[in-house]
Every structure is written in structure tokens, then in C-alpha cells.
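Residue strings, one per chain:
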Amino acid sequence: MDLYITAARALRVDITHILQTHLHADFISGHMDLAQKTGARIYVAKSAKCTFDHVPLSEGDTIELEDMVLQVLETPGHAPEHLSYVVIDKSCSDSPVRVFVGDTLFVGDVGRPDLFPDIAQELAGQLYHSLHDELLQLPDYVEVYPVHRAGSLCGRAIGAKWTNTIGYERRFNAALQIKDKSAFV
Amino acid sequence: MPPAPDHFSRCSDINRRGPARLDELPVVEELSASQFRERMSDPEMVVLDTRSYHAYATVSTSLAPGISISMATFPPLPAGFCPLTKGCCRWRMTTTRRWKPSPGPAGLGWIALWVTWTAAWAVEGYGTRGVQLLSARDFHEMIAGADDFVLVDVRAPQE
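Protein chains in written order, with our numbering: chain A, 1 to 185; chain B, 1001 to 1159.
FYI, nobody ran anything at the bench for these hints, they're computed from the structure.
Owing to the predicted nature of the structure, the values given are computational and were not obtained by experimental measurement.
A hint or two may mislead.
DEER-style ranges, computed between Cβ atoms [claimed, not checked]:
#1 B:Leu1151 <-> A:Thr16: 53 to 61 Å
#2 B:Gly1125 <-> A:Asp114: 47 to 55 Å
#3 A:Glu143 <-> B:Asp1148: 56 to 64 Å
#4 A:Gln121 <-> B:Asp1153: 49 to 57 Å
Straight-line distance between alpha carbons at most 25 Å, and here's what the computed DMTMM-like set of lysine to aspartate or glutamate pairs gives [what the hints assert, rightly or not]:
#5 A:Lys37 <-> B:Asp1023
#6 A:Lys49 <-> A:Asp89
#7 A:Lys49 <-> B:Glu1038
Just so it is clear, CB atoms sit at the ideal spot from N, CA and C, and this is done for glycine as well.
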């Protein structure tokens, strides 16, 4: 958490929003500490049914930050309550330029849907739709910002890079080459 | 893919409820080596060592021609331990004596830091143990050597 505060100070910006993509299963999040230290509000999926003070988000909601607009996409699959955030930089255009995809899409991989074994099949089907009907609908030039890179159990063979583009993933990500939903699941 | 580790089944719900803030958690209590040893003598005390696997390594090294040392990196003691019946508390053992690395050959600072790690326990005269580390070269010489050598791989299937 101190990393975020230190980085914000270095950039001379305030942390005003804490956006959660999902309820991480692989670690305890520091959102409560960060909210207390910064006064920022916590934004999380309405479907997560969080019991702490937060702003609930659903598909189509938007968050405005100066010149930027963040559009909320519901992208379940890796986790039932998963969100992605599409960034529009209005100082440039009204087109999306970046997307924070959490654990739905990685560089060279996609999120594992089997971390909740009881609903793994259902989540795998949702992941297919989240990838093909949500994220891959974005333009090729949109930059992708996942949570993890190589070494995380949240994927199978995640690449070493932190970021990529929708276009590169569309063309080279092996999981995205499986067009048939049943084969994907 | 390896199955998800055990904690995966709990973290989501903890995050849903909002985990306890760090300033709400019990403060880590520092213990001297003798205090630590005394706590360990309680039969109800269970020791949970939270250090990484590599912290158990023992490395033999040569400081100069004719002078070699072997340093155990752990006494049979951990960085934290937890009483089963008294809630969850954590302690951290502190060193009772510290050596500052003095200017010298490259690597001496690193050695001094390592000595500090086990200093408190060792200086009190308590026993130490370690897991011998082999270099890749030593390992190759062992398996390629003339002596009979049986390699037993004890890693879990997921590794």
C-alpha cells in the first residue's frame, strides 16, 4: 500500500478513488488501509455484495477523473464479480485508449476460471463472453493493463510483459484463438 | 495447472468483508533469544516459521586460503510463532548483539548481515541447524562422480 502512496506523492497527485476489479482470491487487499490513509472512496462491483463502505458499480457506470472517463465493463469469468475499466482520455478523443482488465485477460493468457471449483464450468462460459463480447470489442490500439504477469497462479502461462494491446492479444493470445465456446470451456 | 492454494478459498470472502487494517492488528512483540526459547518450552506452543524456503539454507564458504566457515541460517527457531490456545499473536526474535560490517573484501558486508541473522540465538550458545545447499557445479560432480549416487526427488508433483 505504501507503494501507491509513495508513487502518488512522487507524481504530486492525490489518491481519490480506489477501484477494485474483483475480490482477489490470492491475497488480502489493502483497500481498507489505503482508504483510511488517503480518504479515497472504494469502488467495487455491486455483485460482489461487499459489506464495507463502498460505491457499487455495474455495467455502463462511469467515473470521471478530470479529463478522463472510466467506463465499467462487467467481465465475470476469473471471478464472478469481475469488472474491467475502459479509459477514455477526453483531452485526446472520445475513443477508448486503455483498459484495466484485472485478471480477465493477461499478456499471452487469460484468467483461470477454475479457482472456484464449484462453479468453474459456469465461470469458464462467462469468461468466454467477457473476452469475446466485451474486451475484444475494443479497438486494436487500446492498451491492456492486467493485474499479473508471469509467475501468478491466476493464469497458466502469462507473459513477462506488464502491458500489451488488444490487437496484439487478439492475434497472438492462444486462448483467444479458440473461437468455439464449448471448446474454450 | 496446479490446484489453487488453500488460502484462495478464503481470501475473496475476507476481501468482501473488508480485511482488518494493519493498524488494527496485534503489534509484533520482540523477544530476546532466551525469552524466545522460554516461550518455545511451552508444550502448547506451536511454531510457525514464515520465512522463505531459502532461509533454511546452510552455505559453506571460504573467506581466505585455509579459512572456511559453514554458517547455519537458522537455529531451530522461526521468525514468528503462534500459540494454539491464546488467539493469534506473533513475535519476532530480535538479535541481542549486532555486528556492523567493516570495510573489507567484497562480500564481507553480506556475510556480516548473515551472521547478524542468527547472532542472537548462536551467541547465547543455543544449537543451530541448516539445510546444506549445493552449487550446480558441486551437484554435477556428485551425480557424475565415481561414487554411487542416488538422487531422491522429494518435491511435490506440482513442483
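Evaluated hints:
At about 57 Å, the beta-carbon gap between leucine 1151 of chain B and threonine 16 of chain A stays in the expected band of 53 to 61 Å. Distance hint for glycine 1125 of chain B and aspartate 114 of chain A: a CB-CB separation of about 52 Å, consistent with the stated range 47 to 55 Å. For glutamate 143 of chain A and aspartate 1148 of chain B, the Cβ-Cβ distance of about 58 Å falls inside the hinted range of 56 to 64 Å, so the restraint holds. The hinted window of 49 to 57 Å between glutamine 121 of chain A and aspartate 1153 of chain B is violated, with their beta carbons roughly 34 Å apart.
Restraint check for lysine 37 of chain A and aspartate 1023 of chain B: satisfied, since their Cα atoms lie roughly 11 Å apart, inside the 25 Å limit. A C-alpha spacing of about 30 Å is found between lysine 49 of chain A and aspartate 89 of chain A, which places the hinted pair above 25 Å, so the restraint is violated. Proposed proximity of lysine 49 of chain A and glutamate 1038 of chain B is contradicted: the alpha carbons are some 46 Å apart, above 25 Å.
Going down the numbered hints, you'll see the structure goes against 4, 6, 7, while the others check out.
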